[in-house]
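> Sequence:
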Amino acid sequence: MIILQVNGLTKSFSGTDLLENVRLEVQHRDRVALVGRNGAGKSTLLKIIAGELSADEGDIIIPKDIRVGYLEQHSGIDSELTIWDEVMTVFAPLRQKEERLRTLEHQMAEPSVYEDADRYARVMAEYDELQIAFKEAGGYQFEADARSVLHGMRFYPEDYEKPVDLLSGGQKTRLALARMLLSKPDLLILDEPTNHLDIETLNWLERYLSAYEGAILIVSHDRYFLDKVVTTVYEVSRRKVTKYSGNYSTYLDEKAKNYERDQKLFEQEQDERAKLEEFIQKNIARASTSKMAKSRRKQLERRDWMDSPEGDEKSANFSFSLDRPSGNDVLSLDDVKIGYGSQPVSEHISVRVYKGDRVAFVGPNGVGKSTLLKTIVKRNELLDGDIRYGTNVQFGYYDQNQATLIGSGTVLQEIWDDWPMMNEKDIRSLLGRFLFTGDDIEKHVTSLSGGEKARLSLAQLMLEKSNTLILDEPTNHLDLDSKEILENALDDFPGTILFVSHDRYFINRLATKVIELSEHGAVEYLGDYDYYVEKKTEMEEIAAVTQVEQREKEPAAKKENAGKEFQRQERRLTRAIAEIEKKMETFDDEIAELQAQLLNPDIANDHVQLMEIQRRIDELQATHDEQAEEWLMLQDELENL
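Just so you know, we're using the numbering used here here: the sequence shown kicks off at 1 and counts up by one.
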């Protein structure tokens, strides 16, 4: 079933086409990714599909019964409600149904309802119909669904009563994503949903989206995430949209094959064009061949010549070098405690870094990864422990928030202020390598996009020629092409790199060590991200086996006593559960018998007797519910033995 069709869509800004004759299709349960460079029009296309923007030409076709949910990047929630109450707003229609069911139940218990047979029939009919609709809409599980998604987004029961207004920007973004997931639209449109998510949350989101019942249309620069989730890729490039079947890696392979094919065709066409132009130039002035040359000229003008596969899209081109190498021992952290003022976020961190290491710091948000980097470069105060620096170590620091961009002037002035001895021609040449050309150089730093600020920060970092790079989320705000350029530059860097990243592909490409931070220390894994995951899983399995072996090595008498005690408790609980089940069965029979009496026409007008029967039903139901709660408690106790 097709739930979205985009036909011939065109969108222009200031007379320049951004998207031209776009065609796109999404079917039920499709997982579709939009990829392309920053500024190619991906977010614009999503906004047009979601109805946030209008197209200049073309049609967006979405069936009337299809619910569309759209979450744009950097979106958050401004609300005076608590986290739990805010999430519950998603289920307002269900909660209204639930309130109506309670109202009908109270009406059914009132004596006056039996005075009017028609009214009684209407109440019962509405109750039955509403109860079925409530159940089919997930009325008996929506709170459990909410807890599950909130847990996946790293909001726990102790957080539920926190006001939304007190959350950080990243937390508000995660809450907005949680609320969108719980609304379960038929078409889920997500623009950069992986921002502000740590690796553990990313893994959860991948599993959730893979099992999602609806269709997904997504923009993301996380290659690992795209490979896990999507099955179709649309590339937005040079105003056009091209479809590729498969995940992101498959798209890259197909794109490379298409590029080779198109490059050969382009070269053949260029040869043919050159021959035509040469023939025209040689023969246009000759009377004997002029007619033929003019015919060839018309042929040349009419033909739709193929554009170069490389197009006019430019890639950044830079590398990192160093003035002088450091000593072999770069950095030593001994029992370090980090945090802010009297509030530590992590302690007992001990790490050794040697020349040439590529060290990735991973761990959940809030554990202090960025704080540790700032402490190393002395932007934060060390709370306790010892940090020793090696010989000739020179740090170059990249801040994920671009806090190193302190100027209020233009892009050119930002570089010139830090390197006043450079001439303007060299600065312009440098900035051109980072895709700042023409009027871009005169832009004010404060008006730059996140991607532009990231490239400017990298330009500053390159000029420093430090032998040890400290990078805090360097791939944030970069498109996939820029990420690859950065990876290549860092891969060729002859110095040492310490970095924090949630980009698992980036970690895999660069890391020679992965250090997992927690509140109580650091664990080192000598390898890339895949090795870290494999080793961590292996260690968890070993720990589980060791725990079993330790239990098996307990003294025989202790095991025997424990076994006897277990059997006693099991028999006690089993007997108690069986007794409760018999009582509940008796209550069910009595309630059914009394409900049958309510329908007896002989007593339909005997309000006193009807009230007495209803009162007895309510008493039995209350006792039945108490027994059911006790049964659940005993069952949990039995399962936890």
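Derived from the structure by calculation, the hints contain no laboratory data.
Check the hints yourself; a few may be wrong.
[As the list claims (entries may be wrong)] DSS-like, lysine-lysine: derived pairs with alpha carbons at most 30 angstroms apart:
id, residue 1, residue 2
1, 228, 282
2, 264, 243
3, 243, 298
4, 264, 314
5, 535, 240
6, 135, 583
7, 535, 564
8, 337, 172
9, 337, 535
10, 298, 264
[Unchecked claim] Computed Cβ-Cβ distance ranges for the label pairs, DEER-style:
id, residue 1, residue 2, range
11, 75, 317, 28 to 38 angstroms
12, 527, 183, 18 to 28 angstroms
13, 317, 156, 44 to 54 angstroms
14, 25, 249, 55 to 65 angstroms
15, 527, 551, 43 to 53 angstroms
16, 568, 75, 31 to 41 angstroms
17, 356, 256, 23 to 33 angstroms
18, 540, 592, 23 to 33 angstroms
From the three backbone atoms N, C-alpha and C, an ideal C-beta is built for every residue, glycine too.
> Go ahead and decide if the range 28 to 38 angstroms is satisfied by the Cβ distance of residue 75 to residue 317.
holds (34 angstroms)
> Are the Cα positions of residue 264 and residue 243 separated by 30 angstroms at most?
Satisfied, since the Cα-Cα distance of roughly 21 angstroms is no more than 30 angstroms.
> With respect to the beta-carbon atoms only, verify the hint that residue 527 and residue 551 lie 43 to 53 angstroms apart.
The hinted range 43 to 53 angstroms is violated for residue 527 and residue 551, with Cβ atoms some 32 angstroms apart.
> Lying within 44 to 54 angstroms: is that true of the beta-carbon distance residue 317 to residue 156?
holds (46 angstroms)
> So if I understand the rule, the pair passes when the alpha-carbon distance is 30 angstroms or less; does residue 337 with residue 172 pass?
holds (28 angstroms)
> CA of residue 264 to CA of residue 314, is that 30 angstroms or under?
holds (21 angstroms)
> Has the hinted range 18 to 28 angstroms been met by the Cβ atoms of residue 527 and residue 183?
Violated: the Cβ-Cβ distance is about 40 angstroms, outside 18 to 28 angstroms.
> Taking 30 angstroms as the top limit, are the C-alpha atoms of residue 535 and residue 564 close enough?
violated (39 angstroms)
> Residue 135 and residue 583 were given as a pair; does the straight-line alpha-carbon distance stay at or below 30 angstroms?
holds (27 angstroms)
> Holds or violated: 31 to 41 angstroms for the Cβ distance of residue 568 and residue 75?
violated (57 angstroms)
> Within 23 to 33 angstroms or not, the Cβ separation of residue 356 and residue 256?
Once the Cβ atoms are compared, 31 angstroms apart, the range 23 to 33 angstroms for residue 256 and residue 356 holds.
> Taken at face value, is the distance from the CA of residue 264 to the CA of residue 298 at most 30 angstroms?
holds (25 angstroms)
Violated hints, listed in ascending order, are 1, 3, 5, 7, 12, 14, 15, 16 and 18; each of the other numbered hints is respected by the structure.
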